[in-house]
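So the sequences go chain by chain: A and B.
Going by our numbering, 251 is the number at position 251 of the first sequence; the sequence numbering is gapless.
To get our numbering, take the position in the second sequence, counting from 1, and add 1000.
Treat the hints as calculated values from the structure; they're not laboratory data.
Note that beta-carbon positions come from the ideal geometry of N, C-alpha and C, so glycine has one too.
A couple of the hints might just be wrong.
Taking CB as the label site, the calculated pair distances span [said to hold, decoys possible]:
{"hint": "1", "chain 1": "A", "residue 1": "Val201", "chain 2": "B", "residue 2": "Asn1219", "range": "49 to 57 Å"}
{"hint": "2", "chain 1": "A", "residue 1": "Asn51", "chain 2": "B", "residue 2": "Gln1312", "range": "32 to 40 Å"}
{"hint": "3", "chain 1": "B", "residue 1": "Gln1312", "chain 2": "A", "residue 2": "Gln153", "range": "16 to 24 Å"}
{"hint": "4", "chain 1": "B", "residue 1": "Asp1147", "chain 2": "A", "residue 2": "His189", "range": "46 to 54 Å"}
{"hint": "5", "chain 1": "B", "residue 1": "Val1346", "chain 2": "A", "residue 2": "Leu300", "range": "36 to 44 Å"}
{"hint": "6", "chain 1": "B", "residue 1": "Val1346", "chain 2": "A", "residue 2": "Gln135", "range": "29 to 37 Å"}
{"hint": "7", "chain 1": "B", "residue 1": "Asp1147", "chain 2": "A", "residue 2": "Glu200", "range": "50 to 58 Å"}
{"hint": "8", "chain 1": "B", "residue 1": "Asp1147", "chain 2": "A", "residue 2": "Asn51", "range": "56 to 64 Å"}
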Amino acid sequence: MNAVKRQKNRKVLLMGKSGAGKSSMRAVVFSNYVAKDVRRLGATIDVEHSNIKFMGNLMLNLWDCGGQDGFVENYLTHQRTHVFSSVAVLIFVFDIESREFMADIQNYYNIIQALEECSPTAKIFCLIHKMDLVQARLRIQLLDERVELIKAQSRGFAETMEFYATSIWDQSLYKAWTQIIYYLIPNAHTIEEMLKQLAEVIDARELILYERTTCLMVTKVTRSEKENPYHDRFERISSILKTHKQSMAKHTGIPAGSANFAELQIKAAGFMFFITRLTENTNLAVCIPPAEHIFNTARLNIELSKASFASLDVASRKRPVEGSVAGSSSTGDLDRA
Amino acid sequence: MTLDDADTPSPAPRFHTGKLPNSKTQDGKPRLLLMGQRRSGKSSISNVVFHKLPPSETLYLETTTKIKKESMHSFMDFQVWDLPGQFDYLDSAFDSAEIFSEIGALVWVIDAQDEYLEAITKLNATILKLQSTFPSINVEVFVHKVDGLSDDYRSDTYRDIVQRVQDELSDAGVENAPVSFYQTSIYDHSIFEAFSKVIQKLIPELPTLEALLNALCANCRIEKAYLFDIVSKIYIATDTSPTDIGSYEICSDYIDVIIDITEIYGKIPDPNEEFTNGAEQIGAKEVGNGPAESLITLEKKGNYLYLREVHQYLTLICILGDDSPTDRKGLIDYNVSVFEHALTQVFPR
């Protein structure tokens, strides 16, 4: 974690049965798709690679692996070492509505075996997807059942793996991905320390660092004396920001990828809140007590601290290579121009 | 959330003036009545517009069996009437004067996807009755659920309904009845736009407000300014430049952002107290802080959206348009406070 200022490439595999929602998820999180537009996506052929640059020196190397049986067969045989070696994270997507859950489990087991062989230190995030299709009162029970079954087949990973119930229609997706990103960021601790200092200086109630394109939370600092009852507020803000970005894009005619606001400020009774750009690919959300002088000093101090945060970003001059290899997407795919 | 339960009667006394509803009978709130055939979408409308129910959830609403009266803690007041077959409010046993004397507009909902002839017959009977008793009531016909129709079919249906209503009315000898038509759907912003236009007709101060907004726009080079009732997301006035649904949408989405974030941070929790909604917090009196205010600055276009609370229920939202440099905020702030001052003279708090 020290002086070696190299971009850290982390390989992330996105796997699961065909039609489970892997590419939809990717489109919503990384390519500014609206949930209802994902129906335009076609089937993923073989593997689609995309590189996403994050705060700090993290480069996410996302492999969206098409889930049709033929491809999976191929991953497990001919491309076994190519696909499964040096994996940092495997994201396995289960469709809650799947009728052949046992077949899914079998498929999962085969992949786990391959993964254990090639990269035993990988971490598994298991997303039980399309939760919106299940009635609200049945969700917890169904989820628990599935989790038990999946865990039983997870061999050495059963201890460390994490489960999330997700849906592209609400903020649960952001919750899961936030955890994944947090796990991957190599210098999260450094960033957190710097944020803490900043929070002290400007007397902030809360600081939240968001990645710009995806609106995913990188990290946060809370120093409000009273606990905020909205424990899901970070994902909620992610979701709010994302929705807003789309509506701005629609109105201004700027592509969604670049319809970024320089600043959004809200001054209301009881609090002041603003979101501003911190580094090339992060936004900082700040919640402070309601007073004009605190607001102004906070803005000033953040402006001044930008340089030191930017130094955490490596290779900020070099534009990251972006865009998926296969051209299945139609509009605004990963455009961050 | 924002509405009182139907069962709690308003404590203020009611007088029967038979005049325009926003004469001084009460607090000057415009009153609306929502009527229509069974399953035409009245409860869905009231839930989506006034309770912020997601449109997809309206599928699970129960049938309304009695008259629901809801009073909003907001700029307007409205009631929902269900008119299933068994219930004939035109019957003399029924005291229609009690209700109709209070309202300013009657919103009649017609399901455009269903057989609408019977609805039109009932609508016309109602209009004729009102013409003889309360001719000042505006009748607003919502041709509803148009989202399910293809574009061609939609305008055909709409025209057919308009034609039939007008023909039948002129056959009955009523010309120029105050009837207007709107195409609406709860799945987009059209329902809010339609309500906005309905409400605007009930505000006698509208020309003044429009003149004020025009002056504001001209002096600050604002592209479009809206005066919103933030709880219902209905705008009660805008400047007189042409409106398009896009500008409304962006403002409405903007309000959502503000309300959502205010909900998260606005209330430092007091465990014994229930959460009120965001708008009320914006309206709450707080020491050491002026009215709620918000600004979005875009990277490529400078200032873009500006919001400022200007009245107990009303919020001014301005789309600043292209090329509005960030340093113009001071000018806007000043002019908006002038506007706010003028508004307090129009609507004394």
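Hint check results:
{"no.": "1", "hint": "A:Val201 / B:Asn1219: 49 to 57 Å", "verdict": "39 Å, violated"}
{"no.": "2", "hint": "A:Asn51 / B:Gln1312: 32 to 40 Å", "verdict": "51 Å, violated"}
{"no.": "3", "hint": "B:Gln1312 / A:Gln153: 16 to 24 Å", "verdict": "60 Å, violated"}
{"no.": "4", "hint": "B:Asp1147 / A:His189: 46 to 54 Å", "verdict": "50 Å, holds"}
{"no.": "5", "hint": "B:Val1346 / A:Leu300: 36 to 44 Å", "verdict": "39 Å, holds"}
{"no.": "6", "hint": "B:Val1346 / A:Gln135: 29 to 37 Å", "verdict": "49 Å, violated"}
{"no.": "7", "hint": "B:Asp1147 / A:Glu200: 50 to 58 Å", "verdict": "52 Å, holds"}
{"no.": "8", "hint": "B:Asp1147 / A:Asn51: 56 to 64 Å", "verdict": "40 Å, violated"}
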